[in-house]
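S.K.: Letter by letter, the chains look like this.
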Amino acid sequence: MTTTAGVRPAGGPGPGMRRPSRRRGWRIAAIVLVILGVVVFSANSLWALSTSLKAPDDILAYPPSLIPNPVSFDSYTRVLDGQFVRWFLNSLVVAVGTVVVVLAVSIPAAYGATRFQFRGQTALLFVILAGMAVGQVATVVPFYFLASRLGLIDTYVVLILVYSVWMTPLSVWLLRGYFKSIPVSLDEAAMLDGCTRFRAMLRVVVPLARPGVAAAALIVFVYAWNEFILAVALTMSDSMRTVPVGLHMFLATYGVDWGAISAGSIVSLLPVLMLFLVLQRQFVSGLTAGTLGSQ
Amino acid sequence: MTTSVTPTLSSTDDQSRPPGTRAWRARRRRSTGWLYMAPAFLLVLAVTAYPLYFAARYSVFRMRMWEPVEFVGLDNYVHLLTEPRFLSNLVASAVYVFAGVVGCAGIGLGLALALRSGSRWQRLLRTFILIPWITSEVVVAITWRWLLNPQYGPLTAVFERFGLPDFPNVFASETSALVALTLVNVWRSLAFPMLMFLAALQAVPKQTEEAAQVDGAGYWQRVRYVLVPAIMPVIVVTVIVLTINYFNMVVLVLDLTGGGPTGATEILGLRLYREAFEYFSVDTAATLTMVMLLINFVLAIFYFRALRRQAGGEA
Numbered sequence: 001m002t003t004t005a006g007v008r009p010a011g012g013p014g015p016g017m018r019r020p021s022r023r024r025g026w027r028i029a030a031i032v033l034v035i036l037g038v039v040v041f042s043a044n045s046l047w048a049l050s051t052s053l054k055a056p057d058d059i060l061a062y063p064p065s066l067i068p069n070p071v072s073f074d075s076y077t078r079v080l081d082g083q084f085v086r087w088f089l090n091s092l093v094v095a096v097g098t099v100v101v102v103l104a105v106s107i108p109a110a111y112g113a114t115r116f117q118f119r120g121q122t123a124l125l126f127v128i129l130a131g132m133a134v135g136q137v138a139t140v141v142p143f144y145f146l147a148s149r150l151g152l153i154d155t156y157v158v159l160i161l162v163y164s165v166w167m168t169p170l171s172v173w174l175l176r177g178y179f180k181s182i183p184v185s186l187d188e189a190a191m192l193d194g195c196t197r198f199r200a201m202l203r204v205v206v207p208l209a210r211p212g213v214a215a216a217a218l219i220v221f222v223y224a225w226n227e228f229i230l231a232v233a234l235t236m237s238d239s240m241r242t243v244p245v246g247l248h249m250f251l252a253t254y255g256v257d258w259g260a261i262s263a264g265s266i267v268s269l270l271p272v273l274m275l276f277l278v279l280q281r282q283f284v285s286g287l288t289a290g291t292l293g294s295q
Numbered sequence: 296m297t298t299s300v301t302p303t304l305s306s307t308d309d310q311s312r313p314p315g316t317r318a319w320r321a322r323r324r325r326s327t328g329w330l331y332m333a334p335a336f337l338l339v340l341a342v343t344a345y346p347l348y349f350a351a352r353y354s355v356f357r358m359r360m361w362e363p364v365e366f367v368g369l370d371n372y373v374h375l376l377t378e379p380r381f382l383s384n385l386v387a388s389a390v391y392v393f394a395g396v397v398g399c400a401g402i403g404l405g406l407a408l409a410l411r412s413g414s415r416w417q418r419l420l421r422t423f424i425l426i427p428w429i430t431s432e433v434v435v436a437i438t439w440r441w442l443l444n445p446q447y448g449p450l451t452a453v454f455e456r457f458g459l460p461d462f463p464n465v466f467a468s469e470t471s472a473l474v475a476l477t478l479v480n481v482w483r484s485l486a487f488p489m490l491m492f493l494a495a496l497q498a499v500p501k502q503t504e505e506a507a508q509v510d511g512a513g514y515w516q517r518v519r520y521v522l523v524p525a526i527m528p529v530i531v532v533t534v535i536v537l538t539i540n541y542f543n544m545v546v547l548v549l550d551l552t553g554g555g556p557t558g559a560t561e562i563l564g565l566r567l568y569r570e571a572f573e574y575f576s577v578d579t580a581a582t583l584t585m586v587m588l589l590i591n592f593v594l595a596i597f598y599f600r601a602l603r604r605q606a607g608g609e610a
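Residue numbers (our numbering), protein chains in the order written: chain A, 1 to 295; chain B, 296 to 610.
The following block holds chain A by itself, in its conformation from the complex:
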């Protein structure tokens, strides 16, 4: 890392020549662009934040203002009094459960794909990765009927299972790239020291692949946290809804209660945002090795 950082400025961050005056022009243009980009990409979350902090009477005031005055937590208390908390917990259980199942299945699969050679291995890997190609909306109706026949509607289990199936291929793809970059001699050394192969995987390979595992876990969490169509089909009672479904129902039932909807949106954004800010560096380097290994 430190060596590349030393090389990089010479490699040329900006297009164009390196004469001082032009460089300054580029720099200012770049900063303007960055600010513009920040505005464009945060516009609607900023708007939701502002709305969620307004007093109920100010929300629909025209012309609208960006700064809430006075600041009011009315919308938040209204949202947090209702079933939203329950939905939030449901989403948390489902998302964490999905991450656990996906990792439990895809770590061995990626390990098996990079550490063994056996007949049919390519075909096996091919089928796993091909799972990415099945569109999920096309499976909603079949899964709905299967789940109701098995009495699994309205359970965490069915959501976790279905989400896991969706995210396993991408996770295997990323982890496989990462595992490839870890020398096989390391697990062999651990096995010579008396580790079983399974333990060598858990204690040697997985810790070394932490950025890759973190990247996969994050992507899976975000997906499960935000998924809508399967969640709406596979849950029936209000108490088993997840956050996106609940917010959608807010829109349908309250119609114009923008305060509550905005507050709910902001609260739903918080866990993912925090996770990303904490793990961002690992995330990008994990993704790097994943795509590198796959080339």
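Keep in mind that a hint or two might mislead.
Each pair of labels, with its calculated beta carbon distance range [what the hints assert, rightly or not]: (1) B/Gly511 with A/Leu186: 38 to 48 Å; (2) B/Val364 with A/Arg203: 51 to 61 Å; (3) A/Ala55 with B/Val364: 55 to 65 Å.
I should point out that these hints are in silico values taken from the structure, not numbers from a laboratory.
Fair warning: this is a prediction, and the values are worked out from it, not measured in the lab.
Glycine residues also receive a C-beta, built at the ideal position from the N, C-alpha and C atoms.
Based on these hints, arrange chain B on the given structure of chain A.
M.R.: Quick look at chain B alone, frame taken from chain A:
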């Protein structure tokens, strides 16, 4: 599912205690590899096989409330494929997916190239680009609907304030609604290609680019002849994942335009959702599922080709 994990554990334990000959161990080793990959394989196989079986079976029956179930062969397909609404769904989907993927991958590549040196400002912008991507589609749709509201939306107020002409109701005309929907979707998903390409670009050896520079290649030439070819495999996978993802979207459209005006933005995913969960017509939903699975498989053929190159390259 959990039962298939357990044998993996025990058999590896056996294998690491070396009582047998080399041949014994080699055989053991082969079967262990299978066991490591089996759970993921079975999960994925179940998800591909069952829906296909279900949809195929239900799509050849006619099921109406209060009427006996009747075998009708391919009638449901004929019915669906000849109705004007389905054609309009197909057109909307095609425009939405094609324009969206081209826009998203193109802008994503541009952003990845522009933001790859990772200075403080660039990292800041990268973080902000992530926000829409980690926001649920429901929230994206709800907030944009409000931002673009022609009566009391903030953009309307800004237009008025600066004396610009009235802010148009983008959801009123068929073309502008489809354009707005596509743009919001591109805006939402931009982080995915950007991150994939950024990661891939970081993996391109510095020397390759420097060598091209020494040979006199300018910036655009380096991008075109060195960088883009180097990350082509990742570009292909990203484009295909985006395509399949866009093709199967529902809720962004449902909450942003509701498929309107006059069905102009009713893409196939939304139609399927409605047939199943608003009209409760199982046979049409199953037929649509079948059609969508087929289209998915056609899209996937390209994906399979790209993957085979990857999966085969290592064996």
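S.K.: Taking the earlier hints as the rules, which of them does this structure contradict?
M.R.: Per hint list: zero violations.
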